[in-house]
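Protein chains: 2
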Amino acid sequence: MRKVEVKALVMDYIQKTPVVLLQDPVSEKAVPVWIGSNEAHAIAYGLQDKEFPRPLTHDLMGNMVNSLGGELEKIVIDSLHDNVYYATLFVRDVDDQVHEIDARPSDSVALAVRTDIPIFIADDVFDNAAIEMPEQDDEENILQAEDFEDFVEGKMNLSDFKKFIG
Amino acid sequence: MRKVEVKALVMDYIQKTPVVLLQDPVSEKAVPVWIGSNEAHAIAYGLQDKEFPRPLTHDLMGNMVNSLGGELEKIVIDSLHDNVYYATLFVRDVDDQVHEIDARPSDSVALAVRTDIPIFIADDVFDNAAIEMPEQDDEENILQAEDFEDFVEGKMNLSDFKKFIG
Chain P
113 MRKVEVKALV
123 MDYIQKTPVV
133 LLQDPVSEKA
143 VPVWIGSNEA
153 HAIAYGLQDK
163 EFPRPLTHDL
173 MGNMVNSLGG
183 ELEKIVIDSL
193 HDNVYYATLF
203 VRDVDDQVHE
213 IDARPSDSVA
223 LAVRTDIPIF
233 IADDVFDNAA
243 IEMPEQDDEE
253 NILQAEDFED
263 FVEGKMNLSD
273 FKKFIG
Chain L
113 MRKVEVKALV
123 MDYIQKTPVV
133 LLQDPVSEKA
143 VPVWIGSNEA
153 HAIAYGLQDK
163 EFPRPLTHDL
173 MGNMVNSLGG
183 ELEKIVIDSL
193 HDNVYYATLF
203 VRDVDDQVHE
213 IDARPSDSVA
223 LAVRTDIPIF
233 IADDVFDNAA
243 IEMPEQDDEE
253 NILQAEDFED
263 FVEGKMNLSD
273 FKKFIG
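Which chain is which? The protein sequence lines are P and L, in order.
Counting in our numbering, the first sequence runs from 113 upward without gaps.
Counting in our numbering, the second sequence runs from 113 upward without gaps.
So that you can see chain P by itself, here it is in the shape it has in the complex (with noise of 0.2 Å):
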């Protein structure tokens, strides 16, 4: 299992998609995990860390989970069938229970971000899933996290990219 980071959020603009790209920062792979627009909002104002006047979808989650007395733990983006990832979030209760509950990874990658709680995506998945991140010299077409306004401008093609990098 391999803790990832949230390295940047892009848009798919063949699929018309917003993907987000969870980087292993020891191996520099990054996996593509291709999310909904809703979603990639959540994460992009999650990433933003900054505060809003109102809770925000994922804000409410945490605030949940902590009014019953639970810790959010950990995800796990766990299994990739069809094209489509799995994720597991690790919730620990009053009784020191861990309680695992199935969820989209793009509302884990969003509660992850917005509660600090870290990300881990399971070996299998990472080996068939994880690409090459683009040299140094590419790193224009690729948004950084803190560049919301860039990211909802972005143009940024998945699909070109992963071509170029082979």
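No lab work stands behind these hints: they were computed from the structure.
Model, not experiment: these values are computed from the prediction.
For glycine and all other residues, C-beta sits at the position ideal for the given N, C-alpha and C.
It is possible that some hints are incorrect.
As the list claims (entries may be wrong) - The list that follows gives simulated cross-link-like pairs (lysine-lysine, BS3-like), each with its CA atoms no further than 30 Å apart:
| hint | chain 1 | residue 1 | chain 2 | residue 2 |
| --- | --- | --- | --- | --- |
| 1 | P | 186 | P | 141 |
| 2 | L | 186 | P | 186 |
| 3 | L | 128 | P | 162 |
| 4 | P | 128 | L | 186 |
| 5 | L | 115 | L | 128 |
| 6 | P | 115 | P | 186 |
| 7 | P | 128 | P | 115 |
| 8 | L | 186 | L | 141 |
| 9 | L | 141 | P | 128 |
| 10 | P | 162 | P | 119 |
| 11 | L | 128 | L | 141 |
| 12 | L | 141 | L | 115 |
Stated by the list, open to error - On the chain L side, residues computed to face chain P include the following (Cβ under 7 Å):
| hint | residue |
| --- | --- |
| 13 | 176 |
| 14 | 178 |
| 15 | 215 |
| 16 | 216 |
We have chain P; now place chain L onto it with these hints.
Relative to chain P, chain L alone:
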């Protein structure tokens, strides 16, 4: 406090914002709540009452509460300041204690329709914000809850509607 039902989702084309109409079945008046498009989708999906292959965001919220032995009881839209509604989510824990959690009405309504818990509005909020629902003849202008496609394509203009009904 009045128990209300999600009567319809409409588009306010002047504000370019979706609106959810929460109707008191006794007086038949409804409170319009302006929401974000993400939450409008969540509410619309919730109203469709269909199973999705993967848990939607507000399904996950409900599953997290249940896995910690908690129980969602109700939501109450309890105040309105500077055109912003505030809601409180009531959750009962394993020890039968009720916790009150601050939430946006949009998340609250999405959670309520998805997990089938009641929605209440405080009397003073209702008295300040409720409008008459249109006559039967005008119902074609109101997009019923089940008509998600119509909602997305809808031409309903709430400002005009409010002027019309005076």
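Now for the hints, and whether the structure bears them out:
About 21 Å separates the Cα atoms of residue 186(P) and residue 141(P), which keeps this hinted pair within 30 Å; it holds. Taking the CA atoms of residue 186(L) and residue 186(P), the gap is near 29 Å; set against the 30 Å cutoff, the hint holds. Restraint check: the Cα-Cα separation between residue 128(L) and residue 162(P) comes to about 25 Å, which is no more than 30 Å; the hinted pair holds. About 38 Å separates the Cα atoms of residue 128(P) and residue 186(L), which puts this hinted pair outside 30 Å; it is violated.
Among the hinted pairs, residue 115(L) with residue 128(L) is consistent with the structure: their alpha-carbon atoms are about 28 Å apart, no more than 30 Å. Taking the CA atoms of residue 115(P) and residue 186(P), the gap is about 10 Å. The hint holds against a cut of 30 Å. Distance restraint check for residue 128(P) and residue 115(P): the Cα-Cα separation of roughly 28 Å lies within the 30 Å cut-off, and the hinted pair is therefore satisfied. For the hint pairing residue 186(L) with residue 141(L), the CA-to-CA distance comes to about 21 Å; that is within 30 Å, so the pair holds.
Between the alpha carbons of residue 141(L) and residue 128(P) the distance comes to roughly 41 Å, so the proposed pair goes past 30 Å and is violated. A threshold of 30 Å between alpha carbons decides the hint, and for residue 162(P) with residue 119(P) the separation of about 18 Å falls inside it, so the pair holds. Annotation: proposed proximity of residue 128(L) to residue 141(L) holds, straight-line Cα distance about 23 Å (limit 30 Å). Straight-line distance between C-alpha atoms of residue 141(L) and residue 115(L) comes to about 12 Å, which keeps the hinted pair within the 30 Å bound.
Given the 7 Å rule on beta carbons, the hint for residue 176(L) holds: about 6 Å separates it from the nearest Cβ of chain P. Interface hint at residue 178(L): violated, since its Cβ lies 9 Å from the closest Cβ of chain P, which is beyond the 7 Å cut-off. The criterion of a C-beta within 7 Å of any C-beta in chain P is met by residue 215(L), whose closest approach is roughly 5 Å, and the hint holds. This hint holds: residue 216(L) has a C-beta 5 Å from the nearest C-beta of chain P, less than the 7 Å allowed.
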